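Q: So you can see what is in the structure, the chains are spelled out below.
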Amino acid sequence: AQSVAQPEDQVNVAEGNPLTVKCTYSVSGNPYLFWYVQYPNRGLQFLLKYITGDNLVKGSYGFEAEFNKSQTSFHLKKPSALVSDSALYFCAVRSLNQGGKLIFGQGTELSVKP
Amino acid sequence: DVKVTQSSRYLVKRTGEKVFLECVQDMDHENMFWYRQDPGLGLRLIYFSYDVKMKEKGDIPEGYSVSREKKERFSLILESASTNQTSMYLCASSLGGTSGGYTFGSGTRLTVV
Chain A
1 AQSVAQPEDQ VNVAEGNPLT VKCTYSVSGN PYLFWYVQYP NRGLQFLLKY
51 ITGDNLVKGS YGFEAEFNKS QTSFHLKKPS ALVSDSALYF CAVRSLNQGG
101 KLIFGQGTEL SVKP
Chain Z
1 DVKVTQSSRY LVKRTGEKVF LECVQDMDHE NMFWYRQDPG LGLRLIYFSY
51 DVKMKEKGDI PEGYSVSREK KERFSLILES ASTNQTSMYL CASSLGGTSG
101 GYTFGSGTRL TVV
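As given, the protein sequences belong to chains A and Z, one line each in that order.
Take the first sequence: its letters are residues 1 to 114, numbered as in the numbering used here.
Take the second sequence: its letters are residues 1 to 113, numbered as in the numbering used here.
In case anyone wonders, no lab produced these hints; they're calculated from the structure.
Please note that a few of the clues may not be correct.
No farther apart than 27 Å at their CA atoms in a straight line, the calculated lysine-lysine pairs in the DSS-like style are these [what the hints assert, rightly or not]:
1. Z:K3 with A:K58
2. Z:K57 with A:K49
3. A:K49 with Z:K3
Only a predicted model underlies this, so the values are computations on that prediction, with no experimental measurement involved.
Just need the whole structure built from these sequences, with the hints factored in.
A: This is the structure in structure tokens:
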């Protein structure tokens, strides 16, 4: 079965420090992986995706993610966190069936303090 | 920009009412999806559709139905609302194929009292 896990419910970071939001996946075959961000009372916004190619993927708002096949991970990173990065982050993997549905992790709440 | 519009941001309905949640996208996407979001559970797929008049059950279809009479519109129907259907409902659309991501609407927060 395909699945995604975000092991941390919450991540706390000081502004200006690097941040990492963790994601691991379990799929058969090559994964299509995504990160989304959700601000309070809003829908999800696309940040970045990995389909194939370079393991380091760059996305919106200065975020990047590193695909690691041996560790089945796709961690989201940013070199210098901003208070405005505080939000709920979701990792997702594209299913090979069911209309290519996205299977989401449970979400990680990122809090960046000044 | 692709827009996915959900007709209501907040709804309050009574137990037993029939509830319609509407979603419209303007980019000719083939696929449309309804998810519900609950704290600690992430997003769970209720129904999806990959073509007009086509619908497929997701992971938690019980108590819900859908309608897709036109390509741009995908409606979620709660036949008889119950308090355990209080949740945030998110609509999304995507192109056909598997490499693209979703575009989400802003969500409808439904409270059933």
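Q: The structure should be examined with respect to each hint, and the outcome stated for every one.
A: Taking the hints in turn, this is what the structure says about them:
1. Distance hint between Z:K3 and A:K58 is fulfilled; the C-alpha atoms sit about 23 Å from each other, no more than 27 Å.
2. The suggested pairing of Z:K57 with A:K49 holds, with an alpha-carbon distance near 26 Å, which does not exceed 27 Å.
3. Distance hint between A:K49 and Z:K3 is fulfilled; the C-alpha atoms sit about 19 Å from each other, no more than 27 Å.
Consistency note: the structure conflicts with none of the earlier hints.
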